[in-house]
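> Each chain is listed here by its residues.
There are 2 protein chains.
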Amino acid sequence: MSLADSAHDTYDDLHAVVERFFRASFSTDNPVITEAIKRMLAAGGKRLRPRITLLSAEACGGNYADHVHLAAYMELIHVATLVHDDVVDNAQTRRGVNATAVDYGNRVSVLAGDYLFAWIFKNVTLNYPHPIPNVLSATLADICDGEVLQLQALGNLDLPIETYVEIARKKTASLFAASATCGAIMGGGGPRQIAALQRFGEAFGVAFQMRDDLLDVTADERSLGKPAANDLTERKTTLPLIAALAAGNGDFRSLVRRFYDAGANDAIPAIVEAIGREGGVAATREQIARFVAGAKTALEPIEDGAAKRELVKLTEALAS
Amino acid sequence: MSLADSAHDTYDDLHAVVERFFRASFSTDNPVITEAIKRMLAAGGKRLRPRITLLSAEACGGNYADHVHLAAYMELIHVATLVHDDVVDNAQTRRGVNATAVDYGNRVSVLAGDYLFAWIFKNVTLNYPHPIPNVLSATLADICDGEVLQLQALGNLDLPIETYVEIARKKTASLFAASATCGAIMGGGGPRQIAALQRFGEAFGVAFQMRDDLLDVTADERSLGKPAANDLTERKTTLPLIAALAAGNGDFRSLVRRFYDAGANDAIPAIVEAIGREGGVAATREQIARFVAGAKTALEPIEDGAAKRELVKLTEALAS
Chain Z
1 MSLADSAHDT YDDLHAVVER FFRASFSTDN PVITEAIKRM LAAGGKRLRP
51 RITLLSAEAC GGNYADHVHL AAYMELIHVA TLVHDDVVDN AQTRRGVNAT
101 AVDYGNRVSV LAGDYLFAWI FKNVTLNYPH PIPNVLSATL ADICDGEVLQ
151 LQALGNLDLP IETYVEIARK KTASLFAASA TCGAIMGGGG PRQIAALQRF
201 GEAFGVAFQM RDDLLDVTAD ERSLGKPAAN DLTERKTTLP LIAALAAGNG
251 DFRSLVRRFY DAGANDAIPA IVEAIGREGG VAATREQIAR FVAGAKTALE
301 PIEDGAAKRE LVKLTEALAS
Chain Y
1 MSLADSAHDT YDDLHAVVER FFRASFSTDN PVITEAIKRM LAAGGKRLRP
51 RITLLSAEAC GGNYADHVHL AAYMELIHVA TLVHDDVVDN AQTRRGVNAT
101 AVDYGNRVSV LAGDYLFAWI FKNVTLNYPH PIPNVLSATL ADICDGEVLQ
151 LQALGNLDLP IETYVEIARK KTASLFAASA TCGAIMGGGG PRQIAALQRF
201 GEAFGVAFQM RDDLLDVTAD ERSLGKPAAN DLTERKTTLP LIAALAAGNG
251 DFRSLVRRFY DAGANDAIPA IVEAIGREGG VAATREQIAR FVAGAKTALE
301 PIEDGAAKRE LVKLTEALAS
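Which chain is which? The protein sequence lines are Z and Y, in order. Per my numbering, the first sequence runs over residues 1 to 320. Per my numbering, the second sequence runs over residues 1 to 320.
Treat each hint with caution, since some may be false.
[Unchecked claim] Covered by chain Y, per the in silico footprint, the following chain Z stretches (three or more residues, Cβ under 8 Å): (1) 141-150; (2) 161-169.
[As the list claims (entries may be wrong)] With beta-carbon atoms standing in for the labels, derived distance ranges: (3) G305/Y <-> K38/Z: 47 to 55 Å; (4) G188/Y <-> A317/Z: 50 to 58 Å; (5) D13/Z <-> L151/Y: 49 to 57 Å; (6) D13/Z <-> R20/Y: 38 to 46 Å.
Derived by calculation from the structure, the hints in this document are not laboratory data. Each residue gets a CB set at the ideal place from its N, CA and C atoms; glycine is no exception.
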């Protein structure tokens, strides 16, 4: 029985379904790695990727309860990439403390991420038909490709918006697209439904990344769970900054240039304020609205129903 | 036409076949990563894993020339694990130089390794039948599992030899076993041949690791291409040390204990000398001979011929 058939006729509980699975059923053959991954999972998260997998399966006539493992793999791929992101973050934030602890931490992080990728593929190649294993490995390649592009773009004030979108597509949207695609395939969707949900996931993912980049300059540290203006600190040229720079104010450009070159973090509040004043925030909201609209349009071939309504709801939340 | 049918009736050229493939045909979709991997490949190597794949295919009646891609993936899995090993090594040896360069290096190394794993699986899931993709992902999980066990064993003077062998099986022998198994499967081997070559690869791999650990305390830096007694420096308790400690000399044990605790690297020559005197070198040679004999016995179900002779030759070289 799907949640949609039950009393409330909504999918409010899918987050809880995924959480329950991680708490009760997730385990690998290596206790140290299982512990490291469980700690990462316990840190929370909206579980949007697995929820999109489950909703995509339902939207294609499947039953979400049959696809909880598959959905969990989508979150775990995300978690494995976060574990590897932390390797470098640890190296930065723990500088100066006991070097052995840092090294040991880095080693375990690298190995835990690798093991998790391998463990996912081991399970997926055993239990899922073509093209699921191929979609997932191609997606992981895209994510890494996008992250390398992002590294190459660090500190580049002239980053074209097209390159920014390409990076967002690869590092973020590819996994949302794979989450939707795999849910659609395993839920029994036809080629038209699968293609529609693939396009949906891609547009959703780009909007998601843009919103993340917007929050970095509009939200405070407490609501973000990480330092505000963290992207600026890391010299990531994201959409709000690109759009503000495009407004053509030479003083603003010089301010950012000096900050990128000299790294005086006390310039950040002025830059954040100027991004708003130069229209960077408004322009980013416009782009988000465009991709949100694109995601909703992509869903047109999908039959109306509770699952589609929930996908639309998740999408509209990105523009809120 | 296989090399075995040609004039010299040997497989002397398989190394060149693999090298030619890497130089002429290896490329990923990401130029930065391709460059990083090519640099790693150019550093050399015996290419034992791909040679074992090609020979296993031939030994089962296949034609090596049809399996060069598959063989290359075996080497590339090895290379990807080396790239990730270097993340931590770089952090150590480059300490003190420009931190951005170190961070950039680490980030690219983590991403390049991840991308390479993903790229391999993307190709393998597209082009090879079950169980090849599953064998490879299970092998990668084993490698990571073995490396985590090895980390947990660092500095443990009471490491049981069984645990040492388990670590060697997982971190090293699993990929040799997979190289042989996949070659056998794709070469058209029957279940008995596949199982024989799997056992061969596993025994070969354990002997290979033991020889590597032996060379660490018997060879000089120039022939190793890395610092001699590097395992000792890293507090890895390997077979020569385990065997020497088992001889029960309390003074030797105290010497190693003090070195592990205090890290005075000037104690290393005395420890290396004592490992020989206490019988650690001789005992390791005995164990290598045992696994070499096991590998040769495993080959019994394989039909005599040039490929089998070459596998035996590679195996006997481990005991030389």
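> Next, verify each hint and record whether it holds.
Verification of the supplied hints:
A stretch counts as covered by a chain when three or more of its residues have a beta carbon under 8 Å from one of that chain; for the segment 141-150 of chain Z and chain Y the count is 6, and the coverage holds. Only residues whose beta carbon comes within less than 8 Å of a beta carbon in chain Y count, and the segment 161-169 of chain Z has 0; fewer than three means the coverage is violated. One distance hint, 47 to 55 Å for the beta-carbon pair G305/Y and K38/Z, holds here, with the actual separation near 51 Å. In this structure the hint that G188/Y and A317/Z lie 50 to 58 Å apart at CB holds, the actual value being about 55 Å.
Checked against the hint of 49 to 57 Å, the C-beta distance between D13/Z and L151/Y comes to roughly 40 Å, which is inconsistent with it. As the Cβ distance of D13/Z to R20/Y is approximately 57 Å, the hint placing it in 38 to 46 Å is violated.
In this structure, the earlier hints numbered 2, 5, 6 are contradicted, and the remaining ones agree with it.
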